[in-house]
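Participant: Top to bottom, those sequences are chains C and E. Here our numbering = 1-based position in the first sequence + 6. Here our numbering = 1-based position in the second sequence + 6.
Hints are not guaranteed to be accurate.
Heads up, incomplete: computed chain C residues facing chain E, CB under 10 Å, no partners named [said to hold, decoys possible]:
1. 147
2. 290
3. 332
4. 333
For each label pair, taking beta carbons as the anchor points, the in silico distance ranges come out as [as the list claims (entries may be wrong)]:
5. E:163 x C:219: 36 to 46 Å
6. E:168 x C:297: 18 to 28 Å
7. C:247 x E:247: 53 to 63 Å
Simulated pairs of lysine to any residue, SDA-like, Cα-Cα distance not exceeding 20 Å [to be verified]:
8. C:192 x E:175
9. E:270 x C:157
10. E:85 x E:54
11. C:221 x C:211
12. C:192 x E:196
None of these hints come from the bench; they were simulated from the model. Computed from a prediction, not measured in an experiment: that's the story for all the values here. All C-beta atoms, glycine included, are put in the ideal place defined by N, C-alpha and C.
There are 2 protein chains.
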Amino acid sequence: MILALATKTLVSHIWRPPPISTKDHNRCHCFHRFPSFNLSFLPVLRTKYTVLDPFADPPDPSFPTLFKSARVMLCFGPKPVTSEDLDRYPSLEYILGTSAGINNFDLAACRRRGIRVTSAGDVYSVDVADYAVGLAIDVLRRVSAADRFVRAGSWPVQNEYTLGSKVSGKRVGIVGLGSIGSRVAKRFEAFGCSIAYNSRKQKPHVSYAYYANVKDLASNVDVLIVCCALTNETHRIINKDVMTALGKTGVIVNIERGPLIDEKELVELLVRGEIGGAGLDVFENEPQVPEPLFRLDNVVLSPHKAVLTLDSFAALEELIFSNLEAFFSNQPLRAEVELD
Amino acid sequence: MILALATKTLVSHIWRPPPISTKDHNRCHCFHRFPSFNLSFLPVLRTKYTVLDPFADPPDPSFPTLFKSARVMLCFGPKPVTSEDLDRYPSLEYILGTSAGINNFDLAACRRRGIRVTSAGDVYSVDVADYAVGLAIDVLRRVSAADRFVRAGSWPVQNEYTLGSKVSGKRVGIVGLGSIGSRVAKRFEAFGCSIAYNSRKQKPHVSYAYYANVKDLASNVDVLIVCCALTNETHRIINKDVMTALGKTGVIVNIERGPLIDEKELVELLVRGEIGGAGLDVFENEPQVPEPLFRLDNVVLSPHKAVLTLDSFAALEELIFSNLEAFFSNQPLRAEVELD
């Protein structure tokens, strides 16, 4: 019985945030809060597979006897999966990631060991694209600032507030025209915005203006949407030069990863009024958000939630079950990462 | 000299909000705050025309001698222009309105006296449509609520917040498929939303599903965007029945006029969780906003500013100058209201 189950043993690699204390936050490199309902499908998973939890508290009693037979690692959250982590599971054949990004997996080690990897693929792209557009409108038209103004009771007693800036007709620059970026572009086109983009290579069959250099893109747009994956090459791709090129009325939206932007420079430029505004869902040291931003009305702050809708979790759940089924029946996996 | 100027005399009908006191607000039927820069083009206007201000403080010294020769009334704000107001200006031939709506003018009296009327036409439509979509995304995805969560310092210490609802794929219902409504529709289509609408008559050449009845429309959509003009027929068109038909997950956005919705019912349904959320730029008794709304995270509140961008004021200014020029040179007027 155990043997039969053991062929379908998974180990879940769920990163639980550490108990909260200021000290812990300062150590947190990239805290990604997953609401508990994210994991609501685990009981169903357990009816089909043996699920081991190395981080369970109290400890999972099956873990010590079964972990060597685990064939799949199911990963939630940004905790790195290192070569040492892989060493613990000699039967491991497949890492099932649940994020769009896979920058936390040691892919070279996976390749060496012949371990297959899948990501969340396009599951979140639509929601992230929607959210990016929402943040841009919010910053340009000062929606959150207006809501704050009304809730503070200022409307009847205060006769001035800053006018917003028109969305329609803006020149929108997209850094990374992939699954998210191309959806962002489509949405902004309907607002009568013109689209330009930067990516490693110019895309065939795409009519938007292409800039090989992010700074050149920034010089030619009003709104810059950061949609590219975080890699060694894209780390701080939005540096001071790029932001200065964007200019005093330019707006930046980041819905991808905090370290894509030089956050210290961004904060200084915003405080000095040298860029026009920012809509930020991600930060360098989440959940820490630079405090000077709290005082700015041209900034919209969001707790890394662009992917968070009930619908996207339902789609993720479907992807997980479908990929597990495929893996254990030797069918092709969806959203498999090319390791060669 | 005076005679020559008198042929180009305008009277400006600018409604200045009364000095602020609680008592005043309660008397205010429809307070519409105009920022002072709205009127920044008046000095330029005065270089071309004699502009009289009946409400100036201190009083306009030219007014008593010139008001009988005023041929144009330039109107800002929601102050009604009654038959009695028209009686004061025997030379009046033209009312130049600066709002999209003309519900504050006594149009029957204008028709009787042969006074022509123009509105702001489409000048604000794009900005209002952009804002309506922004409010809808904000409510569905909880953007302002997220911003409030981060600014309150809750991210590092609080482990839960409500998930948003997906924008893409929503069924969007538009009440009033005119200049604003059709632009709202176009934008939501790019998000992968389906569109349905209600208006007095089905529009030819429009493929969206048509509902002759607002309640039927509400029963068949997830998001209801109120874009119709306020008239006797549309007063409280969004009543309790309509909102109940929209249901517990339904979202209402109003960027048109407060009295289109039964506000008391709306507040009660929101407080009881019987509709899903609301994005409100307009209210029944502006600038008063029902206080129970301040405690809700599924509501976005905005101080009647959907039209307020620097760009829309520039377009309005252009329309005013162009229509005055046309009027005094007997050319056709733009955005003229049919009075027959």
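Participant: Work down the list of hints and note, for each, if the structure agrees.
Facilitator: To see whether the hints hold, each was checked on the structure:
no.: 1; hint: 147; result: 6 Å, holds
no.: 2; hint: 290; result: 14 Å, violated
no.: 3; hint: 332; result: 25 Å, violated
no.: 4; hint: 333; result: 28 Å, violated
no.: 5; hint: E:163 x C:219: 36 to 46 Å; result: 41 Å, holds
no.: 6; hint: E:168 x C:297: 18 to 28 Å; result: 25 Å, holds
no.: 7; hint: C:247 x E:247: 53 to 63 Å; result: 58 Å, holds
no.: 8; hint: C:192 x E:175; result: 15 Å, holds
no.: 9; hint: E:270 x C:157; result: 18 Å, holds
no.: 10; hint: E:85 x E:54; result: 26 Å, violated
no.: 11; hint: C:221 x C:211; result: 24 Å, violated
no.: 12; hint: C:192 x E:196; result: 6 Å, holds
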